[in-house]
Amino acid sequence: MLTNTPQTSLRSDAGLASALRVSLARLTRRLRRQAAAHSLTPTQFATLAAVERHSGITPGELAELEKVQPPSMTRVIAALEERGLVSRTPHSTDRRQVTVTVTEAAQKLLKEERRRKEAWLTQRLKELTPEERAILRQAAPILEKLSRI
Numbered sequence: 001m002l003t004n005t006p007q008t009s010l011r012s013d014a015g016l017a018s019a020l021r022v023s024l025a026r027l028t029r030r031l032r033r034q035a036a037a038h039s040l041t042p043t044q045f046a047t048l049a050a051v052e053r054h055s056g057i058t059p060g061e062l063a064e065l066e067k068v069q070p071p072s073m074t075r076v077i078a079a080l081e082e083r084g085l086v087s088r089t090p091h092s093t094d095r096r097q098v099t100v101t102v103t104e105a106a107q108k109l110l111k112e113e114r115r116r117k118e119a120w121l122t123q124r125l126k127e128l129t130p131e132e133r134a135i136l137r138q139a140a141p142i143l144e145k146l147s148r149i
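Numbering (the numbering used here), first residue to last: 1 to 149.
None of these hints come from the bench; they were simulated from the model.
Be a bit skeptical, because a hint or two may be false.
DSSO-like, lysine-lysine: derived pairs with alpha carbons at most 30 Å apart [stated by the list, open to error]:
hint, residue 1, residue 2
1, Lys67, Lys145
2, Lys67, Lys108
3, Lys111, Lys145
4, Lys126, Lys67
5, Lys117, Lys145
6, Lys145, Lys126
7, Lys111, Lys67
8, Lys126, Lys111
9, Lys117, Lys67
10, Lys108, Lys126
Please put together the full structure from these sequences, using the hints given.
Here it is, written out as structure tokens:
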């Protein structure tokens with residue numbers, strides 16, 4: 001009979017799901033601690049990154065993309081605009097709509113945040129064996145796929 005050890009629990013899909021959930025949540029928290037003192041919430045930061053990836057996106061499209069309600073997204077965009085991180089411009093074909101783009105200040109902030117987090121993660125990766133890093137190289141595209149399903 002198998003006991004529920006970390007190795008045996010990974011043999012089932014449910015055990016793997018549980019282990020991944022816990023590990024990814026911890027890693028996410030550790031990465032968030034590397035954030036600069038910009039005081040953006042995780043939602044604001046995620047929204048800013050999404051606007052950077054999808055420049056000229058409408059607030060409605062952004063709400064759908066980020067899986068939040070439109071009124072919530074409107075508040076997030078307003079807070080980012082107030083800080084000079086996004087700008088709204090009239091939609092090119094629909095006068096009822098606006099599009100959102102990041103400002104130079106936002107691009108600078110995002111670049112610095114990514115640099116900090118990647119530097120921290122690079123240091124942690126150096127603590128792993130070459131074999132462990134090779135496994136992570138193989139797992140990275142799979143984790144990306146999971147994030148998009």
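* Asked: Holds or violated: lysine 126 with lysine 67, Cα cutoff 30 Å?
  -> Measuring from Cα to Cα gives roughly 35 Å; hence the hint is violated.
* Asked: Quick one, are lysine 126 and lysine 111 close enough, alpha carbons at most 30 Å?
  -> Status holds; Cα separation ~22 Å.
* To do: Given the hint that lysine 117 pairs with lysine 145, test it: the Cα-Cα distance must not exceed 30 Å.
  => Measuring from Cα to Cα gives roughly 21 Å; hence the hint holds.
* Between lysine 117 and lysine 67, does the CA-CA distance stay at or below 30 Å? -> Measuring from Cα to Cα gives roughly 24 Å; hence the hint holds.
* To do: Below or equal to 30 Å on CA atoms is what counts here, so check lysine 111 against lysine 145.
  => holds, 24 Å
* Verify the proposed pairing of lysine 67 with lysine 108, using a straight-line Cα cut of 30 Å. => Holds - the C-alpha atoms of lysine 108 and lysine 67 are around 26 Å apart, at most 30 Å.
* Asked: lysine 108 and lysine 126: Cα distance at most 30 Å?
  -> holds, 27 Å
* Given pair status - lysine 67, lysine 111, alpha carbons within 30 Å -> Measuring from Cα to Cα gives roughly 24 Å; hence the hint holds.
* Quickly compare the C-alpha distance for lysine 67 and lysine 145 to 30 Å and report which way the hint goes. => holds, 18 Å
* For the pair supplied as a hint, lysine 145 and lysine 126, is the alpha-carbon distance within the 30 Å limit? -> holds, 25 Å
Violated hint for the displayed structure: number 4, the only one.
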